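J.: Sequences are here, hints too, so could you generate the full structure?
As you go down the protein sequences, you meet chains Z and X in turn. Under the numbering used here, think of the first position of the first sequence as 1, with each following residue one higher. Under the numbering used here, think of the first position of the second sequence as 1, with each following residue one higher.
No lab work stands behind these hints: they were computed from the structure. This one's a predicted model, so the numbers in the text were calculated from it and none came from an experiment. Incorrect hints may appear among the rest.
[Unchecked claim] Which chain X residues stay away from chain Z? Per the calculated CB distances, all over 12 Å, these:
#1 Asp26
#2 Asp141
#3 Pro212
#4 Ser329
#5 Asp394
#6 Lys405
#7 Val431
#8 Glu432
#9 His553
#10 Asp580
#11 Asp597
[Unchecked claim] Calculated pairs, DSBU-like style, for lysine-lysine (alpha carbon to alpha carbon, straight line, at most 35 Å):
#12 X:Lys17 - Z:Lys48
#13 X:Lys248 - Z:Lys48
#14 X:Lys295 - X:Lys405
Note that the Cβ used here is the ideal one computed from N, Cα and C, for glycine as well.
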Amino acid sequence: MTAIRVRFTKLGKVRFTSHRDVARIFERALRKAAIDVAYTEGFSPRPKIAFGLALSTGHESLAEYLDIALPESRDVDATEVPGRLSPALPAGIDVAAAAPVQPGDASLQESVTSCTWRIELRDTRLEAADRLVTTALAADELMLTRIRKGKEVTDDLRPAVLSLAIDDFADAGPHVALLAELATQPRGLRPNELLQVLDPEVEAGSVLRIAQWVARDGAKVEPLVPREDSSVVRDHPQHLALARRRSPAVA
Amino acid sequence: MSSIWLRLEHLLGKVQKPARYIGCEDGARAPDHAPHKVAWLLAYPDTYEIGLPNQGLQILYEILNERPDAVAERTYAPWTDLEEILRAEGLPLFSVDTHRPAGDFDVLAFNLSAELTYTNVLNMVDLAGIPVRVADRAPGDAVIGAGGHCTFNPEPLADFLDFVVLGDGEEAVGEVTEAIAGWKDAGKPDRRSLHLALAQVEGVYVPALYEPTFDGPRMTGIAPVDPRVPVTVEKRTIADLGAWPYPKRQLVPLTEVVHDRLNVEVFRGCTRGCRFCQAGMITRPVRERPAEQVKQMVADGIRRTGYDEVALTSLSTADMSGIEDIVQSTVGCGDNISVSLPSLRVDAFTVNIAADIQSARRTGLTFAPEAGTWRMRQVINKLITEDDLYAAVDAAYSQGWRRMKLYFLTGLPTETDEDTLGIATLARNVVEIGRRYHKHPSVKVSVGGFVPKPFTPFQWFGQNTQEELFRKVNLLRDELRKDRQVQLTWHDSRASVAEGIASRGDRRIGRVIEQVWRNGGTFQEWSEHFDLGLWTDALAANGLSLEDVVYRHREEDEVLPWDHLSAGLHKDFLWQDWRDALDELGLEDCRWTPCYDCGACTGYSIEHVVASATPPAGGSQGTGQRVVVRSGAG
Numbered sequence: 001m002t003a004i005r006v007r008f009t010k011l012g013k014v015r016f017t018s019h020r021d022v023a024r025i026f027e028r029a030l031r032k033a034a035i036d037v038a039y040t041e042g043f044s045p046r047p048k049i050a051f052g053l054a055l056s057t058g059h060e061s062l063a064e065y066l067d068i069a070l071p072e073s074r075d076v077d078a079t080e081v082p083g084r085l086s087p088a089l090p091a092g093i094d095v096a097a098a099a100p101v102q103p104g105d106a107s108l109q110e111s112v113t114s115c116t117w118r119i120e121l122r123d124t125r126l127e128a129a130d131r132l133v134t135t136a137l138a139a140d141e142l143m144l145t146r147i148r149k150g151k152e153v154t155d156d157l158r159p160a161v162l163s164l165a166i167d168d169f170a171d172a173g174p175h176v177a178l179l180a181e182l183a184t185q186p187r188g189l190r191p192n193e194l195l196q197v198l199d200p201e202v203e204a205g206s207v208l209r210i211a212q213w214v215a216r217d218g219a220k221v222e223p224l225v226p227r228e229d230s231s232v233v234r235d236h237p238q239h240l241a242l243a244r245r246r247s248p249a250v251a
Numbered sequence: 001m002s003s004i005w006l007r008l009e010h011l012l013g014k015v016q017k018p019a020r021y022i023g024c025e026d027g028a029r030a031p032d033h034a035p036h037k038v039a040w041l042l043a044y045p046d047t048y049e050i051g052l053p054n055q056g057l058q059i060l061y062e063i064l065n066e067r068p069d070a071v072a073e074r075t076y077a078p079w080t081d082l083e084e085i086l087r088a089e090g091l092p093l094f095s096v097d098t099h100r101p102a103g104d105f106d107v108l109a110f111n112l113s114a115e116l117t118y119t120n121v122l123n124m125v126d127l128a129g130i131p132v133r134v135a136d137r138a139p140g141d142a143v144i145g146a147g148g149h150c151t152f153n154p155e156p157l158a159d160f161l162d163f164v165v166l167g168d169g170e171e172a173v174g175e176v177t178e179a180i181a182g183w184k185d186a187g188k189p190d191r192r193s194l195h196l197a198l199a200q201v202e203g204v205y206v207p208a209l210y211e212p213t214f215d216g217p218r219m220t221g222i223a224p225v226d227p228r229v230p231v232t233v234e235k236r237t238i239a240d241l242g243a244w245p246y247p248k249r250q251l252v253p254l255t256e257v258v259h260d261r262l263n264v265e266v267f268r269g270c271t272r273g274c275r276f277c278q279a280g281m282i283t284r285p286v287r288e289r290p291a292e293q294v295k296q297m298v299a300d301g302i303r304r305t306g307y308d309e310v311a312l313t314s315l316s317t318a319d320m321s322g323i324e325d326i327v328q329s330t331v332g333c334g335d336n337i338s339v340s341l342p343s344l345r346v347d348a349f350t351v352n353i354a355a356d357i358q359s360a361r362r363t364g365l366t367f368a369p370e371a372g373t374w375r376m377r378q379v380i381n382k383l384i385t386e387d388d389l390y391a392a393v394d395a396a397y398s399q400g401w402r403r404m405k406l407y408f409l410t411g412l413p414t415e416t417d418e419d420t421l422g423i424a425t426l427a428r429n430v431v432e433i434g435r436r437y438h439k440h441p442s443v444k445v446s447v448g449g450f451v452p453k454p455f456t457p458f459q460w461f462g463q464n465t466q467e468e469l470f471r472k473v474n475l476l477r478d479e480l481r482k483d484r485q486v487q488l489t490w491h492d493s494r495a496s497v498a499e500g501i502a503s504r505g506d507r508r509i510g511r512v513i514e515q516v517w518r519n520g521g522t523f524q525e526w527s528e529h530f531d532l533g534l535w536t537d538a539l540a541a542n543g544l545s546l547e548d549v550v551y552r553h554r555e556e557d558e559v560l561p562w563d564h565l566s567a568g569l570h571k572d573f574l575w576q577d578w579r580d581a582l583d584e585l586g587l588e589d590c591r592w593t594p595c596y597d598c599g600a601c602t603g604y605s606i607e608h609v610v611a612s613a614t615p616p617a618g619g620s621q622g623t624g625q626r627v628v629v630r631s632g633a634g
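T.: Pasting the structure below:
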């Protein structure tokens, strides 16, 4: 074993921290939890940890991933990691599961092919939201002009919208919300960009990443190899209720 | 009393760096508000990144929350983008701990560490929905207070502050709490009764109870308006730092801030006697923390916070008794722990300590010779010879450091162009030494404009004009233009002028600060917001001039705006030290030599707390040099 992959949440006030902030939070948490980590070489050694797709500052998530490189010939029991890391992390960031990264596994950045999102629409009536969904799904193309690397790029987002529906979960809160599976490859589609193409007037409320997906042997699975003996799911009553409905991987 | 979080939450998606406003730090307390408790909102009048690490506020935050009669939360200046949204939405300044409106607290207390933040104080009070002027406040409005180094001349903020604490806050904050609790129990009657109660607390100055007199442009005196109020307010000094092992749970922010590391204060006070240095004058005497307590705080702190960098803080950490041992112990607290010693002394001994601690990250080292020639350094009592500096630099290069940073001041008393250009000579010689060890040594030279401060021997000195500071910087730029290995950076001379207005101004400067603020002058510490025009316009509108407030030499018998306050230092001691400065005469560090009765110990019946009876390697200035100094009396 050379690395451990963990799945963690980013919920509540901590959602306003940046990707870089989260990296630093984990560096400190690993030291607090006294988990041995491989360090980079050089003048300023840093723990070797690798995050997957960046989550925009302000979005929440039930499914963030992190690979932690371990020192040579050091065996860490993956089942212990959630229990040791979570108490060292701020409220809202909880390590829910951990498993060894299998030799030959692609990096998180490369392997994730799509994400499932819950996107609240502020001040939008259910009928209006329903119309947006119906129109989008019926459209042959959804053209949007975006700034990419300083250049204006216009492309069709329709292929990246893998699924789109109204969230009909009863206790979802005061705002109507969409459930959307959006591709991350070849070109990623962000929740805010989806809203922009659906209706530029609609403002996003809270945005929650429910799951990230990788393609393995033709199947869509979560990036954390689900093996009974090494994967641990800890109990988060308020979020698991939500998660269980959405994502079969969080079982 | 309730949180505005639900109204704030979606607005945070629209601002830069929203993590500034969420709190959630490791070490943050869950405040337990109750009607019988005095609720403090501790405020830093600049951004979260600058304010959160402030050790003074963190210490008070813990002490107050440990008291049964108090509760404390924190707030920082919202950046202009959020301020605009708050004003548009009708939302007030709030605490970051529970997002309660600032106006719901009993006390809003500011740390004042930099004069250019004063306009932010007014802005935050206004955002809290509280009248900015004491005279306009109703009994129910929050009490506005301040502490920190700048309060040794609080007159520019006198119109806006209900109370000011001079000196160490550890003990005073409890007594202020009791005074406010008594007033609160009485149903918050008129504000005058609150002011009288606060003025009974030692170290507390209540500006509204004092009135200055003027004769034309000149201040002639300042006296209490009530016989129950002390004529002179003395600062507070805790005798034993070991009795106050705070912060016990340093706040670990979720987002990056300045000084983002474990900070452990190893001693307070400094008697090196650098004449430009207000901190060294007003925090006397030296009080070392017991070495064992330092080690314990470091070990506990590393374990709890997960930080891998520790700063051992003080005004000159290499002077700490047994510093090598403390450093060794700190490094031994874990793998890859790096230690930083802010305020390094300039000598080889210090470099050797640095070598012990920076085995892993030996990148840059900073020294502060402060002036370019030996003559100039005698004037300012920074008694480092060129040989000291070169030996230190040689030691540093030879032990693997590649980048040197040198700090200097310009605009010092008696400074000639030769002194200014001496900075360039020193920098070039440092590059030459570096060439013996590296192909491309890099030397960064940082030059600040000197601003005279209250309670220093230079308090009588007329600050260099903006044009003169600008000319001196240009002189250096021209001189170093062809030296590609020396990188020169300098402080904006215009900001030094504004700082000078607030540093030694009297009560009339309050109207200037208010006008700068009303005309949009917030975040004056930030170059993108600083505007000297706002300050000079406001001065002119109030019949004041830069010449009179900033550039003028003060007379020996002149009343200074802070004469009714005391940092323990005798005014005649400071005057003598000023004369000695002009005579280029140094003064020894009294921690290891006989007392010369500056007043900071004798006035308060306290003493230095220094574990080692002998000075560090090389004499009382630590430099190994024989220098002409004025000795102590005893």
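J.: Now tell me, hint by hint, if it's right for this structure.
T.: Quick rundown of the hints versus the structure:
Chain Z draws aspartate 26 of chain X into its interface by the beta-carbon criterion, the shortest separation being 7 Å against a cut-off of 12 Å. The beta carbon of aspartate 141 of chain X sits about 29 Å from the closest Cβ of chain Z, which is more than 12 Å, so the claim that it is off the interface holds. The beta carbon of proline 212 of chain X sits about 46 Å from the closest Cβ of chain Z, which is more than 12 Å, so the claim that it is off the interface holds. Remark: the non-interface label on serine 329 of chain X is consistent with the geometry, its nearest Cβ contact in chain Z lying 18 Å away (cut-off 12 Å).
No beta-carbon of chain Z is positioned within 12 Å of the beta-carbon of aspartate 394 of chain X; the least distance is around 22 Å. A cut-off of 12 Å between C-beta atoms confirms that lysine 405 of chain X is not in contact with chain Z; the least separation is 16 Å. With 12 Å as the threshold on Cβ separation, the claim that valine 431 of chain X sits away from chain Z holds: the shortest Cβ distance comes to roughly 22 Å. With a minimum CB-CB distance of about 25 Å to chain Z, glutamate 432 of chain X clears the 12 Å threshold, and the non-interface call stands.
Remark: the non-interface label on histidine 553 of chain X is consistent with the geometry, its nearest Cβ contact in chain Z lying 48 Å away (cut-off 12 Å). Residue placement check: aspartate 580 of chain X keeps its beta carbon more than 12 Å from all beta carbons of chain Z (closest about 45 Å). The claim that aspartate 597 of chain X lies off the interface holds: its Cβ sits roughly 48 Å from the closest Cβ of chain Z, which is beyond the 12 Å cut-off. Pair hint lysine 17 of chain X plus lysine 48 of chain Z holds up; C-alpha atoms about 26 Å apart against a cutoff of 35 Å.
Taking the CA atoms of lysine 248 of chain X and lysine 48 of chain Z, the gap is near 30 Å; set against the 35 Å cutoff, the hint holds. Note on lysine 295 of chain X and lysine 405 of chain X: the hinted pairing holds, with a Cα-Cα distance of about 29 Å set against a maximum of 35 Å.
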